[in-house]
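A.B. asks: The chain contents come next:
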Amino acid sequence: MSKLASRRTRSIGRVFAVPLLLAVVTLAGLILGLAGDGTNDLFSWLLLGVPIGALAFAWLKRS
Amino acid sequence: MQRATIRIWYLVHKWTSLICTLFLLMLCLTGLPLIFHDEIDGWLGEEPSVMQGAASSGDGPGLVALDEMLSLALAQRPGEVPLFMAFDNVTPILTVTTGPAPDAAANQMTIQLFDRSTGEPAGQVVEGEGLMGFILTLHTDMFLGLPGMLFLGVMGILFVAATISGVVLYAPFMRRLEFGTLRVSRSKRLRQLDYHNLLGIAAFAWIIVVGGTGVINAFATPLIQFWQQGELAEMTAAYGDQEQLPPERYGSLDTAMDAARTAMPSNNPQFIAFPGGAFSSKHHYAVFMQGDTPLTERMLTPAMVDAETGALTDVRPLPWYLTALLFSQPLHFGDYGGLPLKLVWTVLTLATIWILWTGILLWLRRSPGVIERRVTEIDSGGEAGATT
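Quick note, the sequences are listed as chains A and B, same order. Each residue of the first sequence is one higher than the one before, starting from 1 at the first, in my numbering. Each residue of the second sequence is one higher than the one before, starting from 1001 at the first, in my numbering.
Among the hints, erroneous ones may be present.
As the list claims (entries may be wrong) - Using C-beta positions, here's what the derived DEER-type ranges look like:
no., chain 1, residue 1, chain 2, residue 2, range
1, A, S63, B, A1324, 25 to 35 Å
2, B, Y1239, A, G53, 42 to 52 Å
3, A, R62, B, T1323, 57 to 67 Å
4, B, L1072, A, A35, 30 to 40 Å
5, A, V18, B, L1339, 51 to 61 Å
6, A, L46, B, G1240, 51 to 61 Å
7, B, E1129, A, T9, 51 to 61 Å
8, B, L1011, A, T9, 17 to 27 Å
To be verified - From the structure, some residues in chain B lie toward chain A, with a derived Cβ separation under 7 Å:
no., residue
9, G1119
10, P1121
11, G1123
12, A1171
13, M1174
14, R1175
15, F1179
16, G1180
17, L1182
18, L1198
19, I1201
20, A1205
21, W1206
22, V1344
If you're looking for bench data, these hints aren't it; they were derived computationally from the structure. Fair warning: this is a prediction, and the values are worked out from it, not measured in the lab. Yeah, the Cβ is synthetic: ideal placement off N, Cα and C, and Gly gets one too.
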C-alpha cells in the first residue's frame, strides 16, 4: 500500500482530459461525415480513427 | 469522490447493466452484419443492379411521368392500392409500395422497383424476407412487433444509463492511473477491469450516439403517431372528420407534384405518402420534400396536397422530434460515409461486445463479499481486491 499511497492522485480534469478529447474528436467525425461528401468524409474517417488509434496505442503499451 | 457516492454509482452501473446486457449483446451481434446490409444483399443477389440516367427525384426531361409509373406498378398488383412512392437523388430508381388497403400493415406491403428513365420494372422487395430480413427483424423488434420495439428501446435507455454511470466510475478508478493503462500480466480480474475501462472510455461518445439514436429509432412509431394526430391533423384541419378518400377518386400525382414544387421551387421530393397511411391524412398526398444541401437533405417538409383535386392545402417543416428521428437513422446505421465509416462501426461494435462480455465476467467472477469490496476496488484503481 505504501507505493500506492505515495503515487499522486490526479484531479478530475486530468483524469478526463484524454477521454474528453476523444469524445470531441468522435462527435466531430460523426457530424462532419453527415454534413457532406468528399473531403468531409475523408476528415470524418481520420477523426473517427483517433479513438481506435488510442486503443491500439494502449494495447502496444500494455504491461 | 466519496465512498458513498461511488457506492451509488456502482449500484446504478451494476443494475442498469445487468438488466440490458444480454439484449445488448444480441443487438451488437445482429448489428454487425446489418452494417454491411447493402454489400451482403449484393452478394446474395438481392440488390437491384445500379441504373444509369437522371435521378428519379428530379423533374427534368428523360423521366417518365409519375401517373404513368403508378399505373405500371398497379398493373402488376391488381386489386391493390398505392401506399408510397419513393425517389432517389442519384439514379433513376423509383419505388412504388402497394398493399391490400390504404392502412395496410408493413408485412402486407409489396415494394416494386422501376427505372424512371425507361419505365422498366427492376424487381420486387418483400419486407423482412431473406437472411438479412430475419436479422433486421430480430434487431428491431425480436419478432414481437411494436411491443418488441418499445421493449428494446427501454433496454437502450438502460444501456445509455449504464454507459454514463460507467464513465462516472472511471473517475475514481483512474485517479492514480494514466490514460490507457492495461495491466495484462498480473491477474485475470485486473486485466478484465482495465480492458473494460479503456474500451468503455475510448468508445463512449460513439456508444452514446449509436445507443441514443437506437432508442429514438425504437420509438419511431409513437413519434410518428404523435405527429399525425397533432401537427398533421392541424395542417389538414379543414377536412375534419371526412371519410377516407376512396382510391378510385385519387387524382393526378403529377398535378400534386407540381403543386408541391410550386410551394418549394428549389427542392426535390424524397417520397409521397398516399391517403390513409401512417404518414398522411385520409385525403392528401403527403409529398415529403427534402432540403437542397447535403446536411438539410435529410430534413423533410411535407406538402399536403388534396389527393382528389391536386390543390395545395398546407406546407410545414417536420417538428424537431421527427427531424431528430430522421438524423437518428444514419447516425445509428453508419451508412453515410462509405466503407471506411462502416469499418469504424465494425471496430467499435466489436469493442462494445468486449465491454459487455468483460462486464459479465467481472460480475460473475467477483469474489464473494459485500458491495464495499467492489467500492474499494473501484476507489483503488483495481489495486485492492483484485488478487484473484
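A.B. asks: With reference to the structure, classify each hint as holding or not holding.
C.D. replies: How the hints compare with the structure:
1. Range check, S63(A) to A1324(B): Cβ separation about 44 Å, and the 25 to 35 Å hint is violated.
2. For Y1239(B) and G53(A), the Cβ-Cβ distance of about 57 Å falls outside the hinted range of 42 to 52 Å, so the restraint is violated.
3. For the hinted restraint 57 to 67 Å between R62(A) and T1323(B), the CB-CB distance of approximately 44 Å leaves it violated.
4. Distance hint check: the CB atoms of L1072(B) and A35(A) are about 37 Å apart, consistent with the given range 30 to 40 Å.
5. The supplied range of 51 to 61 Å is broken by V18(A) and L1339(B), whose beta-carbon atoms lie about 28 Å from each other.
6. Distance hint for L46(A) and G1240(B): a CB-CB separation of about 55 Å, consistent with the stated range 51 to 61 Å.
7. For E1129(B) and T9(A), the hinted distance range of 51 to 61 Å is satisfied, since their beta carbons lie about 58 Å from each other.
8. For L1011(B) and T9(A), the hinted distance range of 17 to 27 Å is satisfied, since their beta carbons lie about 24 Å from each other.
9. Because the smallest distance between the Cβ of G1119(B) and any Cβ of chain A comes to about 30 Å, over 7 Å, the interface hint for this residue is violated.
10. Given hint, P1121(B) at the interface with chain A, is violated; its Cβ is 30 Å from that chain's nearest Cβ, farther than 7 Å.
11. Because the beta carbon of G1123(B) sits about 27 Å from the nearest beta carbon in chain A, more than 7 Å, this interface hint is broken.
12. The closest approach between the C-beta of A1171(B) and any C-beta of chain A is roughly 5 Å, which is under the 7 Å cut-off, so the hint is satisfied.
13. Proximity of M1174(B) to chain A holds as hinted, the smallest CB-CB distance being about 5 Å (cut-off 7 Å).
14. Hint status for R1175(B): holds, given a least beta-carbon distance of 5 Å to chain A, under 7 Å.
15. Against a cut-off of 7 Å between C-beta atoms, the interface hint on F1179(B) holds, since the closest Cβ of chain A lies about 4 Å away.
16. Using the Cβ-Cβ criterion of 7 Å, the hint placing G1180(B) at the interface with chain A is satisfied: the shortest such distance is roughly 3 Å.
17. With 7 Å as the threshold, the beta carbon of L1182(B) comes within range of chain A, its nearest partner Cβ sitting at about 4 Å, so the hint holds.
18. Here the hint on L1198(B) is kept, as its CB sits about 6 Å from the closest CB of chain A, short of 7 Å.
19. Among the interface hints, the one on I1201(B) holds; its C-beta lies about 5 Å from the nearest C-beta in chain A, closer than the 7 Å criterion.
20. The interface hint given for A1205(B) is met, as the beta carbon of that residue sits about 4 Å from the closest beta carbon of chain A, less than 7 Å.
21. Contact between W1206(B) and chain A, as hinted, is supported at the beta carbon level, the nearest pair being about 5 Å apart and thus within 7 Å.
22. The closest approach between the C-beta of V1344(B) and any C-beta of chain A is roughly 5 Å, which is under the 7 Å cut-off, so the hint is satisfied.
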